[in-house]
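Chemist: Letter by letter, the chains look like this.
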Amino acid sequence: MTAVAEEPRRRAAETPFRRFAANFAESRIAVAALMGLAVIAAAAFLAPWIAPQDPFDLKQLDILDSKLPPGSVGVDGMTFWLGSDDQGRDMFSAILYGLRTSILVGVGASLGALLIGMPVGMLAAYFGGRADSLIMRIVDIQLSFPAILIALILLAVLGQGVDKIVIALVAVQWAYYARTVRGTALVERHREYIEAARCLALGHRRIVFRHLLPNCLPPLIVVNTVLVASAIALEATLSFLGLGLPITKPSLGLLISNGFEYLLSGKYWISFFPGVALLITIVCINLVGDQLRDVLNPRLQR
Amino acid sequence: MLIYLIRRLLQSVVVLAAMSLLVFVGVFMIGDPIEILINPLADEIEKDRARAALGLDLPLWEQYLAFLFNAVRGDLGRSFAYNVPAIDLILERMPATLELAVTATLIGGVLGVPLGLLAGLKPHSAAGKSIMAGSILGFSLPTFWVGLMLIMIFAVELGWLPSTGRGHTGRLFGLEFSFLTLDGVQHLFMPALNLALFRLALVIRLARAGTREVALQDYVKFARAKGLSQARVVWVHVFKNILIPIVTIQGLELGQAIAFAVVTETIFAWPGMGKLIIDSINVLDRPVIVAYLLVTVFMFIVINLLVDLTYSVLDPRVRLAEQRA
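Protein chains in written order, with this note's numbering: chain A, 1 to 302; chain B, 1 to 325.
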């Protein structure tokens with residue numbers, strides 16, 4: 001009896017968000033990855049307060065501390081837990097600052113791509129016809145070329161800089177968003193609630209943005225997670241090749257590239273630890289993305 | 001089918017023309033090559049003479065038309081840095097890149113399919129789970145960093161394998177290849193493995209997903225009920241049916257491998273096209289940059305077309321002409 005009486009009350013307290021959170025929490029690995037991600041993000045954004053030194057303030061660097069192995073104590077008594085680079089820079093501090101740049105560029109580029117790709121895909125699906133086939137032709141052609149090739153072309157043309165690499169990443173990624181949104185919107189467009197909105201003679205803008213868009217969000221969230229990870233990885237790769245960020249704003253890719261020449265003489269830590277930081281970040285994002293895909297997939301809805 | 005082919009070829013020509021315009025105009029805007037090519041002490045008269053010699057004093061559209069006119073006849077301009085035709089420079093480096101990309105794609109397929117089959121047949125076993133964990137790791141590992149770590153372990157710490165160059169090459173059909181000599185194979189091993197990693201992870205996922213689907217089909221159950229051996233069921237009934245998407249992806253992945261070879265070649269100092277383009281971007285060798293991009297785009301168009309055609313041959317259910325391509 002009591003169980004039956006309790007049932008509706010529990011239901012009443014169950015909001016969509018809570019149900020979503022409960023489903024997400026079913027995978028312990030995903031929860032751990034989410035927590036890891038929170039720690040990484042916090043560490044990256046609090047870098048100026050938690051890093052032992054400001055790696056770009058030359059006054060704090062001492063050339064006598066250069067290329068110290070992990071755990072060494074420097075001339076002024078500071079311990080370099082992850083070693084130091086050729087300038088005598090503490091690797092741990094450099095990684096924190098590098099993470100900040102990597103994450104900002106990755107998230108910023110993905111959001112930019114979302115803001116361009118989403119409306120384009122939405123318009124293609126909603127209006128259909130010529131506009132749709134033209135847009136999707138461009139998307140198909142672009143997606144048939146590898147991301148790195150397109151980024152390479154753009155960076156060869158644009159040159160170096162934070163803004164340039166964000167432009168290149170946006171240009172690479174907008175097509176994925178456009179295709180995802182179009183696919184979802186094509187299905188949603190024929191649903192009854194859109195019919196109903198049309199019958200009420202609501203404006204196109206209102207139907208698209210207030211009715212269609214919110215219902216296309218779940219797959220977009222999943223794609224967004226995966227694309228943030230790939231933007232971070234691509235930025236690191238391009239910076240490693242010397243085409244991405246300028247030396248004044250080192251991301252993780254540039255730190256790894258900087259350590260390359262010392263790697264051959266056995267000084268592994270300058271490249272190794274930034275790579276580990278990059279790897280952990282990407283793995284965490286991908287694990288969260290995998291679980292989101294399962295939770296938000298209506299076909300797997302319990 | 002014929003209509004489809006013609007439409008595809010027309011589309012390819014449009015893409016190539018658009019790319020050439022984009023790349024040419026874009027590359028035209030970066031820096032002044034004269035500043036790099038000429039002794040900085042040269043005076044303006046000398047610089048102007050050099051500009052005129054290279055045709056850099058003409059308006060942009062005239063340069064582009066001249067470029068297009070020559071390009072159609074196979075002449076993509078002379079490299080500023082090497083003073084040889086850019087197309088020769090690229091064709092000379094192409095076998096090295098192709099060797100690397102093909103080897104990587106083969107490693108991905110030959111290792112990936114059996115591993116994926118195993119993971120698909122026994123998804124809940126320890127082996128199946130670790131194969132999948134490895135595949136997720138393979139997706140997440142940044143390729144260039146793995147390359148560095150390979151060098152650190154196998155070249156610096158253990159000293160087993162060389163870390164740079166192609167080693168001794170053997171000759172085949174008038175081209176130099178590394179896989180023909182023992183020294184060459186040793187040089188090829190690490191770069192190919194590095195480039196193969198991502199492809200391996202992808203093939204494992206595809207093979208596993210395919211196997212899980214196919215293993216539930218009636219014809220597989222029937223083959224088992226007939227009392228066929230496990231080996232025959234797996235290698236004939238399952239294997240054949242998961243192959244179609246894998247062959248397609250392998251074709252597309254060859255293209256990806258050619259593009260991503262840029263990274264691997266830079267790390268292992270592999271003298272291919274990818275290293276050439278990075279060097280050329282650094283010295284603003286415009287003709288080589290434009291030629292590389294056009295050659296690569298052309299290769300992609302050919303690969304994509306071949307993959308689509310193979311797909312229709314392998315899977316009779318696909319009718320290309322009916323698709324609105």
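Simulated from the structure, these hints should not be mistaken for laboratory data.
Heads up, some of the hints might be wrong.
Mimicking EDC-like on lysine to aspartate or glutamate, the simulated pairs with C-alpha atoms at most 20 Å apart in a straight line are [what the hints assert, rightly or not]: (1) A:K267 x B:D308; (2) B:K129 x A:D290; (3) B:K240 x B:D308.
Chemist: Next step is simple, just say for each hint if it's right about the structure.
Modeler: Hints versus structure:
For the given pair, K267 of chain A sits about 48 Å from D308 of chain B by alpha-carbon distance, which is inconsistent with the 20 Å threshold. Proximity of K129 of chain B to D290 of chain A is assessed by CA-CA distance (about 15 Å); at most 20 Å being required, the pair is judged to hold. Our distance criterion of 20 Å between C-alpha atoms is met by K240 of chain B and D308 of chain B, whose separation comes to about 19 Å.
Going down the numbered hints, you'll see the structure goes against just number 1.
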